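Spelled out, the chains give:
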Amino acid sequence: MLKYIAARFGQGVLVLLAIYALTFMLVALTPGSPFSSERAIRPEILAQIEAFYGYDKPPLERFWTSLTNALQGEFGPSAVYANRSVTDIILEAFPVSLSLGAISLLVALVIGIPAGILAAVKRNTWLDYLPMSASMIGICLPTFVLGPILVLIFGIILQLLPVSGWSGPEFMVLPAATLGLFYAAYFARLTRGGMLEMLNQDFVRTARAKGVPERTIIWKHCLKGGLIPAITFLGPALAGIISGSFVVETIFQIPGLGQWFVKGALNRDDFLILGLTVLFAALIVIMNLLVDIVQVALNPRLKYDR
Amino acid sequence: MVTAAQERLTAVPTIEEFEKGSSLWVDAWHRLKRNKLAMISLFLFLGIVLFCVAGPWFSSYDGQQQDLMKGAQGPSGEHWFGTDTLGRDLMVRTMEGGRISLLVGLVATVVALLIGVVYGATAGYLGGKVDAVMMRIVDTLYALPFTIFVILLMVAFGRSLWLIFVAIGAVEWLSMARIVRAGVIGLKKQEFVEAAVSLGYSHTRIILRHLIPNVLGPVIVIATLTVPAVMLLEAFLSFLGLGVQPPNASWGVLINEGQQNMEIFPWLLIFPAFFFALTLFALNFLGDGLRDALDPKSAKD
Numbered sequence: 001m002l003k004y005i006a007a008r009f010g011q012g013v014l015v016l017l018a019i020y021a022l023t024f025m026l027v028a029l030t031p032g033s034p035f036s037s038e039r040a041i042r043p044e045i046l047a048q049i050e051a052f053y054g055y056d057k058p059p060l061e062r063f064w065t066s067l068t069n070a071l072q073g074e075f076g077p078s079a080v081y082a083n084r085s086v087t088d089i090i091l092e093a094f095p096v097s098l099s100l101g102a103i104s105l106l107v108a109l110v111i112g113i114p115a116g117i118l119a120a121v122k123r124n125t126w127l128d129y130l131p132m133s134a135s136m137i138g139i140c141l142p143t144f145v146l147g148p149i150l151v152l153i154f155g156i157i158l159q160l161l162p163v164s165g166w167s168g169p170e171f172m173v174l175p176a177a178t179l180g181l182f183y184a185a186y187f188a189r190l191t192r193g194g195m196l197e198m199l200n201q202d203f204v205r206t207a208r209a210k211g212v213p214e215r216t217i218i219w220k221h222c223l224k225g226g227l228i229p230a231i232t233f234l235g236p237a238l239a240g241i242i243s244g245s246f247v248v249e250t251i252f253q254i255p256g257l258g259q260w261f262v263k264g265a266l267n268r269d270d271f272l273i274l275g276l277t278v279l280f281a282a283l284i285v286i287m288n289l290l291v292d293i294v295q296v297a298l299n300p301r302l303k304y305d306r
Numbered sequence: 001m002v003t004a005a006q007e008r009l010t011a012v013p014t015i016e017e018f019e020k021g022s023s024l025w026v027d028a029w030h031r032l033k034r035n036k037l038a039m040i041s042l043f044l045f046l047g048i049v050l051f052c053v054a055g056p057w058f059s060s061y062d063g064q065q066q067d068l069m070k071g072a073q074g075p076s077g078e079h080w081f082g083t084d085t086l087g088r089d090l091m092v093r094t095m096e097g098g099r100i101s102l103l104v105g106l107v108a109t110v111v112a113l114l115i116g117v118v119y120g121a122t123a124g125y126l127g128g129k130v131d132a133v134m135m136r137i138v139d140t141l142y143a144l145p146f147t148i149f150v151i152l153l154m155v156a157f158g159r160s161l162w163l164i165f166v167a168i169g170a171v172e173w174l175s176m177a178r179i180v181r182a183g184v185i186g187l188k189k190q191e192f193v194e195a196a197v198s199l200g201y202s203h204t205r206i207i208l209r210h211l212i213p214n215v216l217g218p219v220i221v222i223a224t225l226t227v228p229a230v231m232l233l234e235a236f237l238s239f240l241g242l243g244v245q246p247p248n249a250s251w252g253v254l255i256n257e258g259q260q261n262m263e264i265f266p267w268l269l270i271f272p273a274f275f276f277a278l279t280l281f282a283l284n285f286l287g288d289g290l291r292d293a294l295d296p297k298s299a300k301d
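Going down the list, the protein sequences come from chains A and B.
The first sequence runs 1 to 306 under our numbering.
The second sequence runs 1 to 301 under our numbering.
Excised from the complex, chain B in its bound form (with noise of 0.2 Å):
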């Protein structure tokens, strides 16, 4: 989601094309550009990002390589990073791991928008009775403590990746929802959709067709807040070591490493941590960015 619109973000207009008019999204990344820190953000973000995806590609380390004559060693010219207990490279093992949480990061954040973008849509056009069942079923759901069901699920069904997506998307659509539904029922009433109405679309094609695509802007701002989120949950089960499992590695799983071993080799923390907080960070100030751009009505916070 989030990468389809950046490319439709990124088309910038020259004077000609900027005289037509401007459509939404172009107004929004200007609106985006003039913010120094999410623009710094942005950037920060992708850097992360080619660093843990393109990164193990230059190095000559493997992230399973193993030399114990090289355990635990502190940053250096041959290592940069250092080296772990079991002297892998710190420096390719906290790209791969971030590989995986970001990857865990996207999909979950994905299956939690399909969940709740279709849940919220069907609540907010259906409406009435069926809306304030739905709606119920939502807000019952919130009261829940879902890490611990989070926790159970893993517990219940194993440990795989493919689970950690499910489970934790599974959790982090009822936000969504809420914002998809109250998008809907603003714009339900208006002609464009009466038009389709007369026309006599099924309520299918006129939830995915005309209602969605207008509500595109909130669900991406809550799709950037959702990431991070998502990322933070799944680093705290890898942490308690119910989440990714060795020799595949999270962040979570690296600062739990380094955590254990920090009194002796704090890098092994330091690291891992830094990339981690820096990724939160770049994202939920580009959250708040996009959401002052794509949604200038909505208030800060």
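Next up, chain A with everything else stripped away, as it sits in the complex (with noise of 0.2 Å):
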């Protein structure tokens, strides 16, 4: 087991370096540069500003300063907004979209997995059409449609809760529905054919036989298999929950770093982008990870597939 966590731990460490690459290189490819302003600068004080940010050395020896740079947890100087690191930035909206995603990861977990059980367990029942069309249609309402709707009912209509702004709990209520219903849908799908699929092995077959309590069937036997296709699903999840973020904290204007990276990517912040970019690629990793050795203790055959 240690070996094997070893092996992926090494594994991740790889994906993370050749992320950084990758993301340099595009951003250093990017035509143009983050200086440039509608605003005629003066060559000499664009070369001051260059050397400023290391843009006047080679490409190579500025990746080897950033990527010694980034492992000592320094990111640079946000090229855009002056005086401000990207490691500044990180800080002070990590907290914010950290407390959104678990909230929002919370959200589609409490849903979704008892959805799923439910309607496994009472399969072609209405406890199995009612959350499965429900489901349906939350797969088809991504984040960008539901956000408006929700506010537009919930905001405008009923004037029940605030629509942007991150101040408070009930500041989160929105948002975290916006971002977790999408993913408890999918939840509730994965749940659902994973329980069915236990439930028709032949041990359930056999413990029917014996008698078994079909209570002791659900929630001993099957639960722990039937959660396996959830539980892969969690690094995808939490990318689309990242990703989900950029558009969330847009429409609810949360100072969040999903904001942070698309005004970034808007506005060709070199340093920003490569920062975010790597922390949402580690988080993903991280998760990725834990996944890994969460299904290979539920399950240890699959050490041997990988």
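Hints may contain errors.
Stated by the list, open to error - Part of the chain B face toward chain A, derived, beta carbon under 7 Å: (1) Ile137; (2) Val138; (3) Leu141; (4) Pro145; (5) Ile151; (6) Leu232; (7) Ile255; (8) Gln260; (9) Glu263; (10) Leu269; (11) Ala277.
Unchecked claim - Some chain A residues near chain B, calculated using beta-carbon distances under 7 Å: (12) Val13; (13) Val15; (14) Leu16; (15) Met25; (16) Leu26; (17) Thr30; (18) Ile49; (19) Cys140; (20) Pro142; (21) Ile153; (22) Phe154; (23) Ser243; (24) Ala265.
Said to hold, decoys possible - Derived DEER-like restraints, expressed as beta-carbon distance ranges: (25) B/Glu263 / A/Ser99: 21 to 29 Å; (26) B/Leu163 / A/Arg208: 38 to 46 Å; (27) A/Phe203 / B/Gln245: 54 to 62 Å.
Note that these hints are calculated values from the structure, not bench results.
Bear in mind the structure is a predicted one, so any value in this text is a computation, not a measurement.
Quick reminder that beta carbons are idealized off the backbone N, C-alpha and C, glycines included.
Assembly of the complex is requested from the two constituent chains, each provided in isolation within its own frame, with the hints serving as guidance.
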């Protein structure tokens, strides 16, 4: 097990290095520079600015400096927002995005998994059809459609909840619902599928024949295996919640990392893009690592497949 | 891909033909016809396509034609969906936006299909170390934050429609590669492949002529399900201002414009969002139905 974790960890580190290099390359290939603006800047001043940010050195040297700095947690200055370092921005905005993401994931799991189990156990009754139809609708309503609709209903027509800003728990309700419900729909479908597969296994038939109560069959025999598809989806779900946060933070004016990333991409803020991409990638890689470990713990046969 | 299959599928057999035995496609069509939800979805989707493709020809308005005096009017007999803030007819804009959204969905899926099928078939057919390395690459790519890379690609190489096709296609091929590989591994031990090998056919010919046609069923299913995924990604990019650029519009652009003005002019959000959600809905149900019809062994979900 330890060896498996170590191998996975090493792989994760390699993936992160590759992502760092790839992102750096993409950003460096982008035509234009972050310092070009509509106002004409005198060439001497531009040269000064470029020297300050290290843009006068060859790309390979810049890559090396930026990588060694990043390893020490210093992602360089923001190229667009003067006097702010990327690390400052991350430290300020990360808690906001973390709480938004965590609550959304919680919403997704707390609604999705019980709904999926219920649908599988009560297969082909209205307790199956109702949540599954709801989840199909949920899958077809992406964040950028659901968000505005929720704002329209709860914020503008009913005037129940605030629709922009981030200054108290009531501000979290709509964004977390927007982000979480889409993934709740996915988790419900995956859990239903996984549970159904388990409930059709021979050992379940044997258990039923022996007179084991249905409750024990569901909770003790099937739940562990039935949850595997949902657990596998945790990695992609986190990636989706991160990119979903770009939209949700824009709609609800939340000062989180997502908004910074979109601003950085639109303004060509090289250091900010690089820092945030690596941070997001690191989060996803860590999540995938945890998911792999949990999966092997739940189903030891997997270890030999990989 | 999908349309070719549909042509073959629409050939409904007469009694005599039916008694002659039925091919996979005819069987699948019969199974699909029994699935009401999938059939409703199929007609709904065809209806939306027709509405978007042919609709603008019958309208007296042009999607770019501005009439500031009639800006942001609600739905009326004159403008069924109302007008946007620049006085452009929203119905025509929705149709034209749909054209672009559907085009992106189709073309990017074809790009993903080409990469995924060739990659997956090669890995599955060659097997051994090559397969292990190739699939390891796919696993690693799966773990990457795609959306971020598509955004970076759009920033780095401009925001043309062609780039949207390629960028989205380049990230959506992974599940296709996996499915094709699994299918090919199952097939390559069978006698007809052995026969082809003993006839001295080249690897390329065996892969293209003998293996790929036999995995078309699952490929069509996954392609149908990739189209909505691609459209979702395109709309996401356009919503953030990184996708289709004005004055062109896709549903994502229209939803973004509607979202900005929804307090006062809610119809600007409601119509494009409705058509977008309806299309995703129809394609997802159709994909599910096709899976049950073409691939009865695989369990739902």
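Task: Interface hint outcome for B/Ile255 [beta carbon to chain A under 7 Å] - done: Nearest chain A Cβ about 6 Å off; hint holds.
Open item on the list: For the hint 54 to 62 Å, verify it against the beta carbon of A/Phe203 and that of B/Gln245.
Closed with: Once the Cβ atoms are compared, 57 Å apart, the range 54 to 62 Å for B/Gln245 and A/Phe203 holds.
TODO: With a cut-off of 7 Å on the beta carbons, see whether B/Leu269 makes it to chain A.
DONE: Holds. Min distance 5 Å.
Task: Hint status (Cβ of A/Ile153 to nearest Cβ of chain B, threshold 7 Å) - done: Not OK, violated: A/Ile153 not within 7 Å of chain B, min 10 Å.
Task: B/Leu232 as chain A interface residue, shortest Cβ-Cβ below 7 Å - done: This hint holds: B/Leu232 lies near chain A, its Cβ roughly 5 Å from the closest one there, short of 7 Å.
Task: Hinted contact A/Leu16 with chain B - closest CB pair below 7 Å - done: It is violated, given that the least Cβ distance between A/Leu16 and chain B is near 10 Å, above 7 Å.
Open item on the list: Can you verify the interface hint for A/Ala265: is its Cβ closer than 7 Å to any Cβ in chain B?
Closed with: 5 Å, holds
Task: Hint check, B/Ala277 versus chain A [nearest Cβ-Cβ separation less than 7 Å] - done: At about 5 Å, which falls below the 7 Å cut-off, the nearest Cβ of chain A leaves the hint on B/Ala277 intact, so it holds.
- [ ] Using 7 Å as the Cβ threshold, decide whether A/Phe154 counts as touching chain B.
- [x] With Cβ-Cβ at 13 Å, over 7 Å, it is violated.
Open item on the list: So, as I understand it, the hint says B/Ile137 touches chain A; can you test that by seeing if any CB pair is closer than 7 Å?
Closed with: Because about 11 Å separates B/Ile137 from the closest Cβ in chain A, which is outside the 7 Å limit, the hint is violated.
TODO: Have a go at the A/Pro142 hint: is there a Cβ in chain B nearer than 7 Å to its own Cβ?
DONE: Hint holds; A/Pro142 Cβ to chain B Cβ min 5 Å, cut 7 Å.
Task: B/Leu163 paired with A/Arg208, Cβ distance criterion 38 to 46 Å - done: Hint violated: Cβ distance 56 Å, outside 38 to 46 Å.
In this structure, the hints that do not hold are numbers 1, 2, 3, 8, 12, 14, 15, 18, 21, 22 and 26, in rising order.
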